[in-house]
Amino acid sequence: MIAARGLGRRFGDKRVLRGVDLDVGDGAFALVTGPNGSGKTTLLRLVAGLALPSEGELRVDVTRDRIGLLAHDPLVYRELTALENLELYGRLYHVPERRERIGMLLERFGLWDARHERVAAYSRGMTQRLALCRVLLHEPQLLILDEPYTALDAQGAELLDAQLAELRGERTFLVSTHDPQRVRALATSELSL
Amino acid sequence: MNYLSDVGALTRKDLLLQLRARDTLPAMLLFVAAVFVVFHFSLPAGSSRLAASGLLWVAIVFTALLALGRAFVPEREQRTLDALVLAPCDRSAIWLAKSLATLAFLVAAEIVALPLFELFFHGLHGSTVAGVALADLGICAVGTFVGATAVVTRARELLLPLLFLPLAIPLIIGGVGASVVHGPGRYLGFLALYDLLFALLCWAAFEYVVVE
Chain D
1 MIAARGLGRR FGDKRVLRGV DLDVGDGAFA LVTGPNGSGK TTLLRLVAGL
51 ALPSEGELRV DVTRDRIGLL AHDPLVYREL TALENLELYG RLYHVPERRE
101 RIGMLLERFG LWDARHERVA AYSRGMTQRL ALCRVLLHEP QLLILDEPYT
151 ALDAQGAELL DAQLAELRGE RTFLVSTHDP QRVRALATSE LSL
Chain L
1 MNYLSDVGAL TRKDLLLQLR ARDTLPAMLL FVAAVFVVFH FSLPAGSSRL
51 AASGLLWVAI VFTALLALGR AFVPEREQRT LDALVLAPCD RSAIWLAKSL
101 ATLAFLVAAE IVALPLFELF FHGLHGSTVA GVALADLGIC AVGTFVGATA
151 VVTRARELLL PLLFLPLAIP LIIGGVGASV VHGPGRYLGF LALYDLLFAL
201 LCWAAFEYVV VE
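Taken in order, these protein sequences are the chains called D and L. Residue numbering for the first sequence follows the numbering used here, starting at 1 and increasing by one per position. Residue numbering for the second sequence follows the numbering used here, starting at 1 and increasing by one per position.
Treat the hints as calculated values from the structure; they're not laboratory data. Be a bit skeptical, because a hint or two may be false.
Said to hold, decoys possible - So these bits of chain D aren't anywhere near chain L, every CB distance computed over 10 Å: (1) 8; (2) 64; (3) 65; (4) 74; (5) 155.
Stated by the list, open to error - Derived list of chain D stretches under chain L, where covered just means 3 residues or more per stretch with a C-beta under 8 Å from a C-beta of chain L: (6) 50-60; (7) 75-81; (8) 91-102.
Remember, predicted model here, so these are calculated numbers, not experimental data. By construction, the Cβ of each residue, glycine as well, lies at the ideal position given by its N, Cα and C atoms.
From just these sequences and the hints, can you work out the full model?
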């Protein structure tokens, strides 16, 4: 699904990624590790199509509507409610039976009771749960998760563990994390930057 | 149909965000009213209709600049532009929706500003209103495009007016022309042509300014 050869990216004079080779097959769970500043986030942005490589080749055999990206930022609007955020993305992704799917995800991630509250009133952990709802809303084939456990409490982290375990094998994962132990058991390959 | 539905969803979101923030429209109204009051007392008595027309256009362009400066604030602060760019909708829908939302606020400000202008300067004609309506389209189309270009840079507050004002000069020429000549058709046609050309350019090129 993802093939990269000699992938590199620079911002002005600064080279943030250099000579990365990556092969991720359908249904694989690829783990990307590395210290701060090693280019993990840049690699994930390149694969998501949010940035273009400065050098090398990258092939991603999946269309934009089949990609789910969990970035450093939750990518939700703070002045909208959880429901309004998911409605917006549900419309943009043309999710069938949108209302039911949104309700199911909000229930699963423990946000149903707070669905009419603006995200600005959410804690960081609740916002991260909402971000996960956004990512899973359109049932993406390729899940790109950048530090997915950030800000989650123990219960939220367990929910995410269960979700990853449930989808592993059915979906393709590209996950970057500072805490590889948490997901290493699920990983089929590991790239250290 | 999907394209229109995407534009509708995004426009609704933009209007909702700006209405809830409660800063853009009040700031625009206050600014445009203050400009008219200042010019009313600073222009010498008996100043020509030409001078009054000129200041109307200065007020409109700078009021629009306020709205354009706020248009991409939610996307910048919450980095949600990434999520919109990643969504499967045509990326030009993001530009069109943002332009429509900005246009709504600009028109709302002008509904108050134009009667105020008439009250202070007595120079409002049908051709002026038609010129303002046509110029609004160009201002929002070009301004939103420039706003999206500027929002990813560090010097965004400087870049937006620096890029936008030179591009707005033809609109001011056309608008002032339509306001002061007896046969404004040529100037209104010029404004319509500007709108068409720049809207097409921005629509086609928007994709390239939102991907790194």
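Hints, verified against the model:
1. 8: Non-interface label on residue 8(D) holds, nearest chain L Cβ at 14 Å vs cutoff 10 Å.
2. 64: violated, 5 Å
3. 65: Nearest chain L Cβ is 3 Å from residue 65(D), so the label is violated.
4. 74: violated, 8 Å
5. 155: Residue 155(D) clear of chain L: closest Cβ-Cβ about 25 Å, beyond 10 Å.
6. 50-60: holds (count 3)
7. 75-81: holds (count 6)
8. 91-102: holds (count 4)
Violated hints for the displayed structure, listed by number in ascending order: 2, 3 and 4.
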